[in-house]
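K.L.:
Using the sequences and the hints given, assemble the complete structure.
The lines below spell out each chain.
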Amino acid sequence: MPLRRRSISYSRYGYIFCLPFVLAFLVFSLYPILYTALIGFTDLKGVNTREFHILDNPFDNFKNLLFENELFRKSIVNTGIIWILNFIPQLGIALLLTAWFTNKRLNIRGQGAFKILFYMPNVITAGTIAVLFSSLFAYPIGPVNSLYQMLGWSSEPVNFLLDKWTARGIVSFIQYWMWYGHTMLILIAGVLGINPALYEAAAIDGANGWQQFTKITLPGIKTIMLFVLITSMIGGLQMFDIPQLFQSGGPDNSTYTASMFIYAQAFKGQYLYNRAAAASMILFLIAAVLSAILFYMLRDRDAARTKKEEKRIRKAARAQGGVTHV
Amino acid sequence: MYSATKKTNTFALKLNRTFIYIVCVFLALMSIMPFWIMFVNATRSTPQIQAGLSLLPSSHLMRNLEVLVGKSFDPLTGLMNSFIISAGTTLCAVYFSALTAYALVVYNWRFRQPFFTFIVLIMLIPAQASAVGFYQFMYQLGWTNNHLPLILPAIASPAIVFFMRQYLLGALSFEIVESARVDGSGEFATFNRIILPIMMPAVATQAIFVFVGSWNNLFMPLILLTKQDYYTLPIMVNLLRGDIYKTEYGSIYLGLSLTAIPLFIVYFLLSRYIIEGVALGSVKE
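Read top to bottom, the protein sequences are chains A and B. Residue numbers for the first sequence follow this note's numbering, so the first one is 1 and each next one is one higher. Residue numbers for the second sequence follow this note's numbering, so the first one is 327 and each next one is one higher.
Quick caveat, the hints were computed from the structure, so don't treat them as lab data. Don't take every hint at face value.
If you want the footprint, here are the derived chain B segments under chain A, 3+ residues with CB under 8 Å [as the list claims (entries may be wrong)]:
1) 335-344
2) 371-380
3) 420-434
4) 451-460
5) 544-553
6) 563-571
7) 575-587
Once the Cα atoms are required to be at most 25 Å apart in a straight line, the calculated BS3-like pairs of lysine-lysine come out as [claimed, not checked]:
8) A:Lys-104 with B:Lys-340
9) B:Lys-553 with A:Lys-45
10) A:Lys-215 with A:Lys-104
11) B:Lys-572 with A:Lys-268
12) B:Lys-340 with A:Lys-268
13) A:Lys-45 with A:Lys-74
14) B:Lys-572 with A:Lys-164
15) B:Lys-553 with B:Lys-397
16) B:Lys-553 with A:Lys-268
These stretches of chain A come out as covered by chain B in the derived footprint (C-beta under 8 Å, 3 or more residues) [as the list claims (entries may be wrong)]:
17) 13-22
18) 29-35
19) 115-125
20) 176-188
21) 236-246
22) 264-277
Predicted model, so just to flag it, every value in this text is computed and none were measured. Here a beta-carbon is modelled for each residue, glycine too, at the ideal position from N, C-alpha and C.
P.N.:
Written as structure tokens, this is what we have:
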């Protein structure tokens with residue numbers, strides 16, 4: 001009897017084990033995206049409509065959105081404004097707290113408890129928080145109004161939610177408040193990844209806290225900050241729960257975001273699936289461009305590092321007289 | 327001279343520290359106060375809330391609950407639906423992501439590297455990009471008002487595969503797989519009985535985040551679930567804004583509290599792992 005010593009190839013299991021992922025992606029992600037893209041070129045609208053046709057001018061929906069639709073443009077601008085108003089203080093506070101919490105000389109106590117409390121709002125349902133804040137700022141009776149009158153800042157109740165910029169400010173504040181703890185935790189992890197010897201050397205050379213922060217910490221977490229920036233931008237593009245449940249986009253559509261536009265066009269009123277689909281595609285393209293920038297920047301660094309490593313190994317190999325051992 | 331500068335230095339340090347503690351305590355209060363007011367107001371009557379702010383609970387909890395449940399808000403149904411969807415999503419996401427990550431790490435197949443690049447590329451696709459097509463597709467299948475379209479897509483969770491692959495690269499030694507093969511264990515059984523337990527720390531961390539994320543999700547459920555029997559808690563929050571509860575302030579706060587309590591419990595039981603998990607997930611480049 002011949003010995004069966006044929007080595008078994010296990011590679012097929014690689015395909016088999018990835019199959020559920022691939023199937024789920026094709027059915028629940030890729031097909032719906034392509035379908036959405038297709039609908040963007042058609043006349044599909046109305047409840048219970050099953051038949052639809054490609055438009056005579058396939059780009060009509062896109063043209064309408066980009067050049068004629070005031071509300072869509074406004075929703076994009078609002079999304080941008082609210083995101084910026086939230087991101088600048090978010091990154092600022094997160095950086096400040098990171099600098100404080102990672103400074104060994106300051107030796108801040110109770111960091112564990114502070115971290116838990118700062119991150120807490122992130123876990124609670126955004127919708128709940130939005131309705132909560134709309135109740136807190138309610139007119140004429142609400143906790144913030146009570147506080148205003150208690151402190152003597154105002155004798156009359158203030159209708160905060162009538163003013164465009166106040167409403168935008170509150171939505172931005174909620175976003176900031178929910179996310180600065182998250183950003184801080186990521187930045188702290190980044191700082192902890194920096195070689196501590198750098199700080200020791202700097203301290204010996206007489207660098208003060210500020211110099212260490214600007215010359216070592218900031219350059220050291222550049223990539224992580226970029227990561228935070230892009231993921232926050234892509235998250236910001238999808239902003240929906242808070243403005244939707246806070247004031248349904250009001251007052252005067254000042255907190256009406258792009259995702260709310262898609263939702264309202266497709267699933268309310270006239271059921272303009274085609275226009276919503278076209279808007280989705282525009283949003284998707286913006287997100288894709290942002291992701292591409294992120295990947296370009298992250299990959300570039302890695303590729304450069306691998307190349308350097310390869311060069312080093314080759315050089316070492318040459319030095320050893322052509323014997324490669326890697 | 328030296329001791330004098332040292333003294334001013336320690337003084338400056340102390341001043342600095344005091345300032346930092348004040349800021350941190352202020353931020354901590356900012357995190358707590360809105361929720362505190364929410365819980366307190368859930369126990370107060372409408373006239374009490376109208377009379378002004380209070381930080382102490384009152385005794386109208388039961389009446390607020392009666393009013394709340396007496397109208398369209400049904401917290402138990404919402405809790406059940408949210409739980410079914412979140413638990414299903416979590417199971418699908420962590421199990422199949424672990425399996426996919428295992429395939430990416432252990433087996434040497436032709437498309438391994440391209441497939442990994444592909445996973446990284448699709449990681450940041452926003453849900454809105456496919457929402458309209460997804461809805462139409464599910465509508466044609468008759469799957470609206472069904473939990474499955476909210477659960478099954480989690481089988482393909484690229485970000486979790488990415489995280490678990492990183493974890494496996496560090497935690498798995500091939501000798502374990504080899505020796506399992508020598509013992510005659512099938513590949514699938516090896517994964518389930520030996521690899522999955524090794525991956526437990528990563529699975530647990532990701533499970534928390536998937537569960538919370540799914541629990542809080544509003545956009546997709548809002549689109550797909552139109553019958554009240556299927557509403558999840560975040561959709562029910564929407565009801566609290568409507569006219570039915572217009573002046574029942576206490577009930578509104580109670581409804582909000584009920585949607586938040588499960589999350590507070592989860593958070594305070596698991597906060598250590600959550601805080602660690604956030605940091606872990608970020609150092610991925």
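K.L.:
Now, for every hint given, state plainly whether the structure supports it.
P.N.:
Results for each hint:
1. 335-344: The restraint on the region 335-344 of chain B holds, since 3 of its residues have a Cβ under 8 Å from chain A and three suffice.
2. 371-380: The restraint on the region 371-380 of chain B holds, since 4 of its residues have a Cβ under 8 Å from chain A and three suffice.
3. 420-434: Satisfied; 10 residues make the cut.
4. 451-460: holds (count 10)
5. 544-553: holds (count 4)
6. 563-571: It holds: at least three residues are needed, and the region 563-571 of chain B offers 4 whose Cβ sits within less than 8 Å of chain A.
7. 575-587: It holds, with 6 qualifying residues against the three required.
8. A:Lys-104 with B:Lys-340: Holds. Lys-104 (chain A) to Lys-340 (chain B) sits at ~14 Å (cutoff 25 Å).
9. B:Lys-553 with A:Lys-45: 22 Å, holds
10. A:Lys-215 with A:Lys-104: 17 Å, holds
11. B:Lys-572 with A:Lys-268: 23 Å, holds
12. B:Lys-340 with A:Lys-268: 58 Å, violated
13. A:Lys-45 with A:Lys-74: 23 Å, holds
14. B:Lys-572 with A:Lys-164: 23 Å, holds
15. B:Lys-553 with B:Lys-397: With a Cα-Cα distance of about 16 Å, the restraint between Lys-553 (chain B) and Lys-397 (chain B) holds, given a limit of 25 Å.
16. B:Lys-553 with A:Lys-268: 15 Å, holds
17. 13-22: holds (count 9)
18. 29-35: holds (count 6)
19. 115-125: holds (count 10)
20. 176-188: Coverage by chain B holds for the region 176-188 of chain A (6 residues, Cβ < 8 Å).
21. 236-246: Coverage by chain B holds here, the residue count being 6 at a Cβ distance below 8 Å.
22. 264-277: holds (count 5)
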